[in-house]
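Using the hints provided, position chain B relative to the given structure of chain A.
Those sequence lines, one after another, are chains A and B. Residue 294 in the UniProt record's numbering is what sits at position 294 of the first sequence, and the numbering runs on without skipping anything. Residue 351 in the UniProt record's numbering is what sits at position 351 of the second sequence, and the numbering runs on without skipping anything.
It should be emphasised that the hints constitute simulated quantities derived from the structure, not laboratory data. Take the hints with a grain of salt, since some may be wrong.
Unchecked claim - Simulated restraints on C-beta separations:
{"#": "1", "chain 1": "B", "residue 1": "361", "chain 2": "A", "residue 2": "342", "range": "34 to 44 Å"}
{"#": "2", "chain 1": "B", "residue 1": "86", "chain 2": "A", "residue 2": "300", "range": "53 to 63 Å"}
{"#": "3", "chain 1": "B", "residue 1": "359", "chain 2": "A", "residue 2": "100", "range": "47 to 57 Å"}
As the list claims (entries may be wrong) - Short derived list, chain B residues pointing at chain A, Cβ under 8 Å:
{"#": "4", "residue": "38"}
{"#": "5", "residue": "72"}
{"#": "6", "residue": "221"}
{"#": "7", "residue": "225"}
{"#": "8", "residue": "287"}
{"#": "9", "residue": "291"}
{"#": "10", "residue": "298"}
{"#": "11", "residue": "302"}
{"#": "12", "residue": "308"}
{"#": "13", "residue": "309"}
{"#": "14", "residue": "312"}
Virtual Cβ for every residue (Gly too), placed ideally from N, Cα, C.
2 protein chains.
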Amino acid sequence: MVEYKLLNKDRYSRARLGKLQTRRGVIDTPIFMPVGTNATVKGIWQHQLEEMGAQIILGNAFHLYLKPGLEVMREFGGLHAFMNWEKPILTDSGGFQVFSIKDKKVTDEGVLFRSPIDGSKIMMTPELSMEIQMTLGSDIAMAFDECVAPGMSREYAEESVTRTTEWAKRCISYHDRSQALFGIVQGAFYKDLRKKSAAEITSMDFDGFAIGGLSVGEPFQVTKEILEYTVDLLPEDKPRYLMGIGSPDLIVTAVENGIDMFDCVLPTRIGRHGTALTWNGKINLKAAKFKYSKDPIDEECRCRVCQTYSRGYIQHLFSRDEMLGKILVSYHNIHFLLKFTERIREALATDSFKEFKEECYNRGLIKEALISES
Amino acid sequence: MVEYKLLNKDRYSRARLGKLQTRRGVIDTPIFMPVGTNATVKGIWQHQLEEMGAQIILGNAFHLYLKPGLEVMREFGGLHAFMNWEKPILTDSGGFQVFSIKDKKVTDEGVLFRSPIDGSKIMMTPELSMEIQMTLGSDIAMAFDECVAPGMSREYAEESVTRTTEWAKRCISYHDRSQALFGIVQGAFYKDLRKKSAAEITSMDFDGFAIGGLSVGEPFQVTKEILEYTVDLLPEDKPRYLMGIGSPDLIVTAVENGIDMFDCVLPTRIGRHGTALTWNGKINLKAAKFKYSKDPIDEECRCRVCQTYSRGYIQHLFSRDEMLGKILVSYHNIHFLLKFTERIREALATDSFKEFKEECYNRGLIKEALISES
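Chain A on its own, in the form it takes in the complex (with noise of 0.2 Å):
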């Protein structure tokens, strides 16, 4: 339901360009999707995506099952119609935000919990998960996996290793392939788990492969590490998806190594409080310090809002509270990560990604300059 094609590779790094084929067409790797959880990127509509040159966007099974259920994704015939957005959709499979709850119980057949919003008792499994992602209609479903918080022993990390293999199986027979089918690798920060996991979860017949449970609180050190390690136990003529991350040290460390497409809520989230990206790195416009400034965000930048607003301006809305003021950082922010990652794209076009990460690291949104050699 996808296919991969690499278009170039570098010659320091194991940075790729690529191009993924989709039902719903291509797009061009490496991506940022932005999310959306609730079938909505918060505060953004979708045309002003599009016009900031979104490719692909996440869903979150776990959310929309619970609202607006799948009733009403029956009866608006998937995530697409519903909100309104034609390209291609990638849905979460609610692995990640059933373990972030915290009154539940793990079993091999799935996870019990009772709903954030009601309350009632719903059984989350591997069938459930294919059950929603199917219905939503996404072109990119994820296995149901189990991903480990920081801190957990090693005996509870391989138990949950095998577990999350177990699951995929049952992902994989239950569901349709009516859309491609990604299977994600655990193991915490443990490598030998890594390895097992990699080694189980690739041997499947999965459309792509994820790395689960990074980023989640640990050291950019250890993410660095486990990814780099994580990496070369994925094929390459499948597209890697590192879940999670969208800062832009982050960005480039998995592009380096590789890595295909990442998503994070970091753009809108930051953004709400007031936290900008910029080329020169962050800026919070909550400060008063830029009360008089008439400069945009950020001079660099060609969207909407930086041609058309001031920091003073959008430091007047944050004072005030106004909605637009968040409205306008999560675009930027957004339009941000997109431009970084076209960026990105065309320095692998043109065989110049070692130049790029030196520029980011002159610039300050990076901590390391150097390239590591694959």
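Only chain B this time, still in chain A's reference frame:
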């Protein structure tokens, strides 16, 4: 600074079609003016106001004086540049806002109160209000008046009319006429006081006249009676502005009584709570009955929201308290009122305002069918 041109008069009522020349272009009257209190129409981008056909918006001298303050406004060169809106702006004088503050001391000099933002003491005077509005650089400024709350004694209302007249004189004396300046007729719900106020205010050199102190909580019949009585006391050759109204029934009543301009926070305020204006009356999109509805908010509406999103989707957004729900209904409601007044202008241009009013009655948009012959 503004010039009113009468284009057509209705045969059955005082309704009139016109054009108002301002220094930033011509606006068509009767006109609905969306309210951007804090230099933003809540939840809406400025280019979206343009795309909807807004010709003039409101700013508020009181709020903008508190935040961002005159220093910032001077630095930016006025409200238009600050918020990036190039079409006309009318600023309210702060009279209405000051009088909705509980702890205040009204003297002939002005109104002493504490800033709701930082608690500092502020003395708002006619001179300060003029200074603020000249600094904002709006195209139409309003005189600083005293708006009397319903239930105040006749004695107080009488005193207040005298004060409003004295303040009007001071406004004219202080104002540099770099922008148009409108006087405001007060007099609560007493016809003789309205007569006195109208005589005094219209004897002064204002560019237009507003009726203040209506739609402050009194019954519809009272608004209507005082409006009918007061309009006749205003000159025909100047624009007439009824402050603070924006529901379809009050708009029709205003227009048939010869009002040219009106403003209201209604579309965004009710929009944030899920209530949408339609050609068949109000609906609340939070209602569970809309959960499965694929219909747009209003089938007759051609706004971007109704062309794209369903009632079911919007119901979902409100059920998850998603910002986009508030945004979409606010946008639709503003668009509705702009189109509603556009239809009124079309009816006036084609001598069919009576038929338009009958249509509104049949649709349940207004309560009274017969036009009050003038």
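| request: Please name the hints from earlier in the document that this structure breaks, with their numbers sorted from lowest to highest. | output: 1, 2, 6, 7, 8, 10 and 11
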